[in-house]
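From first to last, the protein sequence lines are chains A and B. Going by the numbering used here, 200 is the number at position 200 of the first sequence; the sequence numbering is gapless. Going by the numbering used here, 224 is the number at position 224 of the second sequence; the sequence numbering is gapless.
Worth flagging that the hints you see were computed from the coordinates, not collected in a lab. Hints may be right or wrong, so weigh each one.
Claimed, not checked - Cut-off 25 Å, straight-line C-alpha distance, at most; resulting in silico cross-link-like pairs (SDA-like, lysine to any residue):
hint, chain 1, residue 1, chain 2, residue 2
1, A, 29, B, 139
2, B, 49, A, 172
3, B, 187, A, 291
4, A, 29, B, 131
5, B, 187, B, 152
6, A, 29, B, 136
7, B, 124, A, 291
Stated by the list, open to error - So, partial list: chain B residues that the calculated Cβ filter (under 10 Å) puts toward chain A:
hint, residue
8, 64
9, 255
10, 285
11, 296
Please read all numbers here as calculations on a predicted model, not as lab measurements. Glycine residues also receive a C-beta, built at the ideal position from the N, C-alpha and C atoms.
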Amino acid sequence: MSAKKRRDAREEEVRGRSPLQDAFHRLLKHRAGTLGGIFIILVILVALFVDTTIPAAIFGGEVRPLIAPKHFAEVSFFERDLPPGTPGYPLGTDYLGRDILSRTLYGTRISLSIAVVAALVSLVIGLTYGIISGFAPTRVDNAMMRFVDFLYGFPLIIFVILLQAYFKAVSRRGATGLVGVLVNIDRALGGMFFLFVALGVLNWIGMARLARAQTLSVKQKEYIESARALGAGNLRIVFRHVLPNILGPCIVSETLAIPGYISTEAFLSFIGLGVTPPTPSWGLMISETYAAIRTYPWESLIPGTALALTTLAFNFLGDGLRDAFDPRLRGT
Amino acid sequence: MIQYIIRRLLWAIPVLLAIMVVTFFLARAIPGGPFDFAGEKQLPESIRKNLERKYGLDRPMYEQLGKWIWDGIRFDFGPSYASRSQTVNDILKRTFPISFQLGFLALLFALLIGIPLGTIAAVKQNSPIDYGATFLAILGVSMPTMMIGPLLMWVFAITLGWLPTARWGTDYTQLYLGFFPNIFSAKFWLHAILPAITLGLAYSASIARLTRASLLQVIREDYIKTAYAKGLPARRTIIVHGLRNSLIPVATVLGPMFAGIVTGSLVVEQIFGIAGMGKYFVTAITNRDYPMIMGSVLVYSVLLVAANIVVDVSYAWLDPRIRYD
Numbered sequence: 001m002s003a004k005k006r007r008d009a010r011e012e013e014v015r016g017r018s019p020l021q022d023a024f025h026r027l028l029k030h031r032a033g034t035l036g037g038i039f040i041i042l043v044i045l046v047a048l049f050v051d052t053t054i055p056a057a058i059f060g061g062e063v064r065p066l067i068a069p070k071h072f073a074e075v076s077f078f079e080r081d082l083p084p085g086t087p088g089y090p091l092g093t094d095y096l097g098r099d100i101l102s103r104t105l106y107g108t109r110i111s112l113s114i115a116v117v118a119a120l121v122s123l124v125i126g127l128t129y130g131i132i133s134g135f136a137p138t139r140v141d142n143a144m145m146r147f148v149d150f151l152y153g154f155p156l157i158i159f160v161i162l163l164q165a166y167f168k169a170v171s172r173r174g175a176t177g178l179v180g181v182l183v184n185i186d187r188a189l190g191g192m193f194f195l196f197v198a199l200g201v202l203n204w205i206g207m208a209r210l211a212r213a214q215t216l217s218v219k220q221k222e223y224i225e226s227a228r229a230l231g232a233g234n235l236r237i238v239f240r241h242v243l244p245n246i247l248g249p250c251i252v253s254e255t256l257a258i259p260g261y262i263s264t265e266a267f268l269s270f271i272g273l274g275v276t277p278p279t280p281s282w283g284l285m286i287s288e289t290y291a292a293i294r295t296y297p298w299e300s301l302i303p304g305t306a307l308a309l310t311t312l313a314f315n316f317l318g319d320g321l322r323d324a325f326d327p328r329l330r331g332t
Numbered sequence: 001m002i003q004y005i006i007r008r009l010l011w012a013i014p015v016l017l018a019i020m021v022v023t024f025f026l027a028r029a030i031p032g033g034p035f036d037f038a039g040e041k042q043l044p045e046s047i048r049k050n051l052e053r054k055y056g057l058d059r060p061m062y063e064q065l066g067k068w069i070w071d072g073i074r075f076d077f078g079p080s081y082a083s084r085s086q087t088v089n090d091i092l093k094r095t096f097p098i099s100f101q102l103g104f105l106a107l108l109f110a111l112l113i114g115i116p117l118g119t120i121a122a123v124k125q126n127s128p129i130d131y132g133a134t135f136l137a138i139l140g141v142s143m144p145t146m147m148i149g150p151l152l153m154w155v156f157a158i159t160l161g162w163l164p165t166a167r168w169g170t171d172y173t174q175l176y177l178g179f180f181p182n183i184f185s186a187k188f189w190l191h192a193i194l195p196a197i198t199l200g201l202a203y204s205a206s207i208a209r210l211t212r213a214s215l216l217q218v219i220r221e222d223y224i225k226t227a228y229a230k231g232l233p234a235r236r237t238i239i240v241h242g243l244r245n246s247l248i249p250v251a252t253v254l255g256p257m258f259a260g261i262v263t264g265s266l267v268v269e270q271i272f273g274i275a276g277m278g279k280y281f282v283t284a285i286t287n288r289d290y291p292m293i294m295g296s297v298l299v300y301s302v303l304l305v306a307a308n309i310v311v312d313v314s315y316a317w318l319d320p321r322i323r324y325d
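Hey, can you work out the whole structure from these sequences and the hints?
Structure (C-alpha cells):
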C-alpha cells in the first residue's frame, strides 16, 4: 500500500464518509467527468422543460412550447431550407420548414429516455440474473452462464432490427387486446416504447456477466461470512451486503453503455426502424437530410452535433464515474 | 488447442441453428407477406395465393421451418422473392465481397490507428500528447457514424473534391476469384478511403482508449520492472513485454466490435451509396423477402460466430498462460 493510499484511508476514517460520498467527491475532482455531468443535467432540464408538459400535468392548462420556440412538428411550407440566423429561426429550418432548433431541443427527450430506460431495464435484468447465477448452486450457475454464452454468439443487433420491423408493422396495422394496449402506449410515445423493449431486453447480457463476476468475488469476503454466522438469510445478504457493494461497478459499466444505446436509437431511426415521424429523433433528422448535405449542410450537421455532444458527455461522465469508483484506475 | 477449436466449432452449430429458428419466427411474425404488393399496386388475392403456393408458403409451418433450415445448411436459398429473376446466392455473391472489404478495411484502419495512438498515450502518460490523444479518442468514440460520414463527404469530396463521393464497388468491377479487389488500383483506394475511415474511426478511438488503459496497468507489473532492470531498451520492453500483454482486453472487445461494424456498415453503405449487403438486408425486411432475410442473417451470424472463435483463440497466443482444456 502506497503512502498516499494510506493517507487517503486515514482521512476517510477521520471524516467517516460513506463509499458513495467518497466516490462523489472523487467525481467532482474529475474535470471532464464533472463537465459531462453538468452538460447532462442541462440536457435533462431541456428535456423536462422543452414544453409545458410537466407544469400542465401539475397545474393544468394546455401544453405549449416553453424552451423551444415552436412545436417540433410545426410545418411551414413557405419557409423551407432557411439557413441559420434567419429571423425567427436561429438555427434555420429543414426541408418541411420546421424549426431545427425546436426539433433538436425536443430530440433531447428521445435520446435521454432511451438512455435512461434502456439502461435501467438492462441494469435490473442483468443484476437480477447475475446475482441469482452467482448465488445459485454450481450446476444452475453453469446452465445460466451457458445460456448467456449462447446469447452472446447471437447477432443481437440483427434481432433488434427484425424485432423493430415486427413492432412497427404491428403498430401500423393496429391490434386488439394486450398488444393493442402496448401499441397505443407506443403511439403516445412517438414510437419509443418498442425501442425501449428492443434495446433494454437485448442488452442485459454484458451486465449479467459483470454482476455474476462481482457477486462471486464479494461472496468470498469475510463480512459475508460473518453475516452468515450471525444468521442472516440469503435475501438479507443480497440486499444488505452484496448489492451495495457490486452496484458501483455495475452502474459505471451501465453509464459507459449509454452512448451505445443513444447511437443505436439514432441508427434504428436512421434506417427507418426507430421512432415514428415526425417525432424528432436526431438519427431520424440526419437520415431525412444527409442527402442534401451539399446544399443545406446545417440540416444534418446540427442534429449530428447534438448527438455527438450528448454521447461525448455520457462518455466523460462514465469515465469520471469509473475513476471515482475505482481509484486505482485514477488517471488511466 | 485443436480440441478447443473443434469444441468451439461444434458449439457454434446449435447457436447457428437457434439463430435460424428465431429468424424464421421473427420474420414470419412480421405482419404482411412478400406478395401483397407488386410495386405500389395490391396484387389480386388469386395471384397472391398462386405465388404463395409456388414458393411453398402455403405449406404447414413446421414443414416450412424444416425447409428453411435445410436451405440454410446447404446454403442455397433459392430465388429472392422481391426480384425473382435472381437467386439469393447471386445477390450475396455480388454484394458480400464489397461489404466484407469495407468491414475489413475499417477494422484494419481501427487497429492501425488505435493501437499506436493508445501506446503513445500510455507511454507519455499525463503529458500534453496523452491528453490530446485521449481527447481525440473520446471525441472519436462519441461521433456517430451517421455524423462522420456526411461530414467527411462534405469536406473531402464536395468542398475539396479530392475523393469520389459514392459508388464504391460499382465504378471498378474486377474482383479476383470473385472476392479480392485489385488493391493495386488507385481507383479502389480512392473509393475506399472515406467509407472505411467513417466506419473505422469510432473503433480506432475505442481501441486507443482500451490500449492505453490496459497498457498503463501492465507497465506497472513486476515483470516490466524486471525487464528494465535487466537493461532492456525501453522500446523493446514496451512493445514486446508490455503491449502484447495489454492486448488481451483489446482482443476481448474485437468480437462485439465486429458486430458493431456490421451495423455501422448498414449506415455507411447507405450514406456512400455502396452496393453492399446492408442495403439488401434492410429492404429484404421491408419487402418480407424471407429467403433474402434468411441468407443475410446467416451470413452475418456465421461471420460473428467465426470472429468470436478467432478472438478466443487469439487469447492463447497473447497470453500463453491461458490454456484451453
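Hints, one by one, checked against the model:
1. For a cut-off of 25 Å, the pair hint linking residue 29(A) to residue 139(B) stands: about 21 Å separates their Cα positions.
2. Proximity of residue 49(B) to residue 172(A) is assessed by CA-CA distance (about 24 Å); at most 25 Å being required, the pair is judged to hold.
3. The suggested pairing of residue 187(B) with residue 291(A) holds, with an alpha-carbon distance near 23 Å, which does not exceed 25 Å.
4. Of the supplied pair hints, the one linking residue 29(A) and residue 131(B) holds, its CA atoms being roughly 16 Å apart against a limit of 25 Å.
5. Pair hint residue 187(B) plus residue 152(B) holds up; C-alpha atoms about 18 Å apart against a cutoff of 25 Å.
6. For a cut-off of 25 Å, the pair hint linking residue 29(A) to residue 136(B) stands: about 21 Å separates their Cα positions.
7. The suggested pairing of residue 124(B) with residue 291(A) is violated, with an alpha-carbon distance near 42 Å, which exceeds 25 Å.
8. For residue 64(B), the suggested interface contact is broken, since its CB lies about 17 Å from the closest CB of chain A, more than 10 Å.
9. Of the supplied interface hints, the one on residue 255(B) holds, with its beta-carbon coming within about 8 Å of a beta-carbon of chain A, less than 10 Å.
10. A distance limit of 10 Å between C-beta atoms decides the matter here; for residue 285(B) the minimum to chain A is near 5 Å, and the interface restraint holds.
11. Restraint check, residue 296(B) versus chain A: the minimum CB separation of about 8 Å is within 10 Å; hint holds.
Comparing the model with each earlier hint shows violations of hints 7, 8; every other hint is respected.
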